Amino acid sequence: MLNKHIITEDDFEKDANFCYMKKAARQKVLQAYDLRMKETIKHRDLGRNVSYRHLIRLECYKLVKHLMNDKEYEAFKIWW
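When the sequence shown is numbered by the numbering used here, its final residue is 573 and no position is left out of the sequence of numbers.
Honestly, the hints are just simulated from the structure, not real lab data.
In this text, all values refer to a predicted model and were calculated from it rather than measured experimentally.
Worth double-checking, as some hints may not be accurate.
Each pair of labels, with its calculated beta carbon distance range [stated by the list, open to error]:
| # | residue 1 | residue 2 | range |
| --- | --- | --- | --- |
| 1 | 553 | 533 | 13 to 21 Å |
| 2 | 512 | 567 | 38 to 46 Å |
| 3 | 541 | 510 | 44 to 52 Å |
| 4 | 540 | 566 | 15 to 23 Å |
| 5 | 503 | 541 | 40 to 48 Å |
| 6 | 567 | 496 | 29 to 37 Å |
| 7 | 497 | 530 | 13 to 21 Å |
| 8 | 553 | 527 | 17 to 25 Å |
| 9 | 513 | 571 | 31 to 39 Å |
| 10 | 552 | 498 | 30 to 38 Å |
| 11 | 532 | 506 | 29 to 37 Å |
| 12 | 554 | 533 | 13 to 21 Å |
| 13 | 503 | 539 | 39 to 47 Å |
| 14 | 509 | 546 | 36 to 44 Å |
Here are the simulated DSSO-like cross-link-like pairs (lysine-lysine), alpha carbons at most 27 Å apart as the crow flies [unchecked claim]:
| # | residue 1 | residue 2 |
| --- | --- | --- |
| 15 | 570 | 535 |
| 16 | 516 | 497 |
| 17 | 497 | 507 |
| 18 | 531 | 516 |
| 19 | 521 | 531 |
| 20 | 570 | 555 |
| 21 | 521 | 507 |
Glycine residues also receive a C-beta, built at the ideal position from the N, C-alpha and C atoms.
Sequences are here, hints too, so could you generate the full structure?
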């Protein structure tokens with residue numbers, strides 16, 4: 494977002510020891526994050542498109558199974 498100048502230096506308030514992001518800039522970041530989470534990719538194992546949000550949920554399910562000693566955890570690997 495910084496490289497595309499969506500967020501600029503003016504979107505921050507500087508204090509003596511801190512730097513705060515202004516409310517409008519936070520909303521821009523959250524909106525961009527939400528759009529990214531709605532994007533879909535083709536999942537190799539499932540053979541269908543899944544959103545990044547759903548992909549995170551699937552990884553959580555795999556972690557739960559691992560913690561319950563049901564199945565060894567194998568992390569999702571991006572292939573592109």
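Quick rundown of the hints versus the structure:
1. Taken as a hint, the range 13 to 21 Å holds for the pair residue 553 and residue 533, whose Cβ atoms sit roughly 18 Å apart.
2. The supplied range of 38 to 46 Å is met by residue 512 and residue 567, whose beta-carbon atoms lie about 39 Å from each other.
3. Between residue 541 and residue 510, the C-beta spacing of about 49 Å keeps the proposed range 44 to 52 Å intact.
4. For the pair residue 540 and residue 566, the beta carbons lie near 21 Å from each other, so the given range of 15 to 23 Å is met.
5. Remark: the range hint 40 to 48 Å for residue 503 to residue 541 is upheld by a beta-carbon distance near 43 Å.
6. Between residue 567 and residue 496 the C-beta distance comes to about 33 Å, which sits within the given range of 29 to 37 Å.
7. Against the hinted window of 13 to 21 Å, the Cβ-Cβ separation of residue 497 and residue 530 comes to about 18 Å, which satisfies the hint.
8. Between residue 553 and residue 527, the C-beta spacing of about 19 Å keeps the proposed range 17 to 25 Å intact.
9. Here the CB-CB span from residue 513 to residue 571 is close to 33 Å, well matched to the stated 31 to 39 Å.
10. Between residue 552 and residue 498, the C-beta spacing of about 32 Å keeps the proposed range 30 to 38 Å intact.
11. Under the hint 29 to 37 Å, the C-beta atoms of residue 532 and residue 506, about 31 Å apart, fit the expected range.
12. Residue 554 and residue 533 have their C-beta atoms about 18 Å apart, which keeps the hinted 13 to 21 Å range intact.
13. The given range of 39 to 47 Å is respected by residue 503 and residue 539, whose C-beta atoms sit roughly 43 Å from each other.
14. Distance hint check: the CB atoms of residue 509 and residue 546 are about 39 Å apart, consistent with the given range 36 to 44 Å.
15. The suggested pairing of residue 570 with residue 535 holds, with an alpha-carbon distance near 12 Å, which does not exceed 27 Å.
16. With a CA separation close to 19 Å, the supplied pair residue 516 and residue 497 stays within the 27 Å bound.
17. Simply put, residue 497 and residue 507 have alpha-carbon atoms about 22 Å apart, close enough for the 27 Å limit, and the pair holds.
18. The hinted pair formed by residue 531 and residue 516 meets the criterion: a straight-line CA distance of about 23 Å does not exceed 27 Å.
19. Between residue 521 and residue 531, the direct Cα distance comes to roughly 16 Å. Compliance with the 27 Å bound is thereby established for this hinted pair.
20. Proposed proximity of residue 570 and residue 555 is supported: the alpha carbons are some 14 Å apart, at most 27 Å.
21. The hinted pair formed by residue 521 and residue 507 meets the criterion: a straight-line CA distance of about 19 Å does not exceed 27 Å.
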